[in-house]
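Quick mapping for you: the protein sequence lines, in order, are chains A and B.
Sequential numbering from 0 applies to the first sequence in numbering that gives the first Met the number 0.
Sequential numbering from 0 applies to the second sequence in numbering that gives the first Met the number 0.
Treat the hints with caution; some may be incorrect.
Claimed, not checked - Computed footprint of chain A on chain B, listed as stretches where at least three residues anywhere in the stretch have a Cβ under 8 Å from a Cβ of chain A: (1) 233-243; (2) 254-260.
Stated by the list, open to error - Chain A stretches covered by chain B per the calculated footprint, using a threshold of three residues with CB under 8 Å from any CB of chain B: (3) 91-100; (4) 145-158.
Source of the hints: derived by calculation from the structure; they are not laboratory data.
No experiment lies behind these values; they were computed from the predicted model shown.
For every residue, glycine included, the Cβ atom is placed at its ideal position computed from N, Cα and C.
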Amino acid sequence: MVRAENVYKTFYTTHKIEALVDVSCRVDKGEVVVIIGPSGSGKSTILRCLNMLEKADEGHIYIDGVDILDPKTNINKVREEMGMVFQSFNLFRHKTALGNLTLAQTVVRKRSKKEAEEKAMVLLEKVGIPDKADSYPDNLSGGQQQRVAIARALAMNPKVMLFDEPTSALDPEMIGEVLDVMKTLALEGMTMIVVTHEMGFAREVADRVIFMDEGQIVEVGTPEHFFKNPTHDRTKLFLSQIL
Amino acid sequence: MAEGSFSVTDYLRTRGWRHISIFLFFLMILAVIGGIYYATQKVEYTWRWYRIPQYFYYHDRVEIRAEIGGDVASLVPKGDRVEVKVRGADVEEVYSVPADSLRVSEGDYIYPGDILGSYQQWKVGILLKGLWVTLEVSIIAVFLGIVIGLFTGLARISKNPALRWTAITYIELVRGSPLLVQIFIWYFVLGTMFNTLLAQNGMGQLSPLWYGVAALAVFAGAYVAEIVRAGIQSIHFGQMEAARSLGMTYPQSMHYIILPQAFRRILPPLAGQFISLIKDSSLLGIIAIRELTKATREVVTSSLQPFELWFVCAILYLVLTFSLSMFVQYLERRTAIGG
Ligand SMILES: Nc1ncnc2c1ncn2[C@@H]1O[C@H](COP(=O)(O)OP(=O)(O)OP(=O)(O)O)[C@@H](O)[C@H]1O
Ligand SMILES: [Mg+2]
Numbered sequence: 000m001v002r003a004e005n006v007y008k009t010f011y012t013t014h015k016i017e018a019l020v021d022v023s024c025r026v027d028k029g030e031v032v033v034i035i036g037p038s039g040s041g042k043s044t045i046l047r048c049l050n051m052l053e054k055a056d057e058g059h060i061y062i063d064g065v066d067i068l069d070p071k072t073n074i075n076k077v078r079e080e081m082g083m084v085f086q087s088f089n090l091f092r093h094k095t096a097l098g099n100l101t102l103a104q105t106v107v108r109k110r111s112k113k114e115a116e117e118k119a120m121v122l123l124e125k126v127g128i129p130d131k132a133d134s135y136p137d138n139l140s141g142g143q144q145q146r147v148a149i150a151r152a153l154a155m156n157p158k159v160m161l162f163d164e165p166t167s168a169l170d171p172e173m174i175g176e177v178l179d180v181m182k183t184l185a186l187e188g189m190t191m192i193v194v195t196h197e198m199g200f201a202r203e204v205a206d207r208v209i210f211m212d213e214g215q216i217v218e219v220g221t222p223e224h225f226f227k228n229p230t231h232d233r234t235k236l237f238l239s240q241i242l
Numbered sequence: 000m001a002e003g004s005f006s007v008t009d010y011l012r013t014r015g016w017r018h019i020s021i022f023l024f025f026l027m028i029l030a031v032i033g034g035i036y037y038a039t040q041k042v043e044y045t046w047r048w049y050r051i052p053q054y055f056y057y058h059d060r061v062e063i064r065a066e067i068g069g070d071v072a073s074l075v076p077k078g079d080r081v082e083v084k085v086r087g088a089d090v091e092e093v094y095s096v097p098a099d100s101l102r103v104s105e106g107d108y109i110y111p112g113d114i115l116g117s118y119q120q121w122k123v124g125i126l127l128k129g130l131w132v133t134l135e136v137s138i139i140a141v142f143l144g145i146v147i148g149l150f151t152g153l154a155r156i157s158k159n160p161a162l163r164w165t166a167i168t169y170i171e172l173v174r175g176s177p178l179l180v181q182i183f184i185w186y187f188v189l190g191t192m193f194n195t196l197l198a199q200n201g202m203g204q205l206s207p208l209w210y211g212v213a214a215l216a217v218f219a220g221a222y223v224a225e226i227v228r229a230g231i232q233s234i235h236f237g238q239m240e241a242a243r244s245l246g247m248t249y250p251q252s253m254h255y256i257i258l259p260q261a262f263r264r265i266l267p268p269l270a271g272q273f274i275s276l277i278k279d280s281s282l283l284g285i286i287a288i289r290e291l292t293k294a295t296r297e298v299v300t301s302s303l304q305p306f307e308l309w310f311v312c313a314i315l316y317l318v319l320t321f322s323l324s325m326f327v328q329y330l331e332r333r334t335a336i337g338g
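Could you build the full structure based on these sequences and the hints that come with them?
Right under this line is the structure:
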């Protein structure tokens, strides 16, 4: 479903930052993969490279068999099939919750307004806030905003969902409601790549956990492996710090 | 302090200062007006406000003249008009003349150009015509300025160096020289060239108005571009990323997500820019466009009532700029989030 091969990404700011160094991984259909690692380790960068919000310098990335780094690939078509949920929600501030869900459906998927609205209401129901359909993002709590954002991504019927620290900007009491939505999705068989610090979620839902540090994938394994006997010292150190 | 008693200090502490300030404000306005009036008395200026309306609208007598020579064959009353039939050697003409102004009777011999009668007609005065030209020039220039500014603003933040540098060059060139000089260049340089080319190809000349409009629009466009750029850049980049991650193209994201949000932020500075444009249109008189200021100058020369006329001129500009700013405030309310 998703395959990255020897991906490199370097940022040049005041100095050279090697955000990704020879990263290879694969995620199969229906799998839930959680990426963990310290701040600045390249978790966001690999996720953003997967849907070309960031262009990888080297290597190959295949989404559903399509090489997205090939200049001939229409990246918009690829992105239609990949939902992305951001740490800061990024809801369209001038649209209601409903408007957030219907816009891309009508513009990109060419669905009729009616069809898009029906789909939107089903999804708002699913994330538990159908009563907020007509609210603007500024009038929603963080947890509600993030659930709308997840519904917005789902409205496009994506094949893969990418989550970049979806609960990090939330007050503790709202984390649960967002994680619950994500758990339901996982149970329904959605392919998901989740960057998170929520180890409970990783333990409970993940099929595999990837540990990244300094732009590299250090260790990959099942949650049991990770939380019972991780092999690498860096993994042990990181886990001891956050658990 | 006992209930019910209300001393002067209490009054001053509460509403008093406010009332006194308002009173002082009006007193000041009155003093200024009075001062101006007093000064004009000193220089023996006679105010003749009653002469001003005629420069907006006036009653004009239009004469009806015969186009052929011949006898008045018949006079047929039709309501309060009379149909005068003039029969020449081999032609016949019928003129409809208001009955009370009729100057001929049946059997009269008429020469071509003789007056048969007259009627009164309201005509638009020169000031109103000037106001209209100012309005026309401003509206077209604002519209073009928005289009130019929008595309230049987008080009200014484009990743394509050709587009970006073109935009920067244009913006810097326009903002770096006086509008007056630009108007001269548009009319005397570009205008001369273009009109000569048109003439060589057997086409009609373009009137100065269009060069004036071009100068104003291109001038405003550069400023609007910077306003648009700042507006777009004030929208959090996450909005663009969210739109792109849903599969929307860059133009679609701009159209549906970024520009609608930027629009609200750029409305106030945009209004300021267009108010400037309306006022700057007063420079167009120098290339023989009879807008409000030039019209006023012409009337002043013939009427010798400069005081009234320049005040009227200023007030007319104020009406235009104030209406624009009201309209923009209305737009701001209309487009407020959740509104
Ligand atoms: N657009 C950018 N320009 C310059 N440097 C960047 C950019 N994006 C990321 N980086 C740098 O690349 C490195 C990896 O960043 P990344 O955001 O992928 O880390 P992360 O693992 O997501 O960290 P966090 O947990 O803080 O989100 C960091 O050193 C970061 O400063
Ligand atoms: Mg990150």
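These are the hints, each one checked on the structure:
| no. | hint | verdict |
| --- | --- | --- |
| 1 | 233-243 | holds (count 7) |
| 2 | 254-260 | holds (count 4) |
| 3 | 91-100 | holds (count 3) |
| 4 | 145-158 | holds (count 4) |
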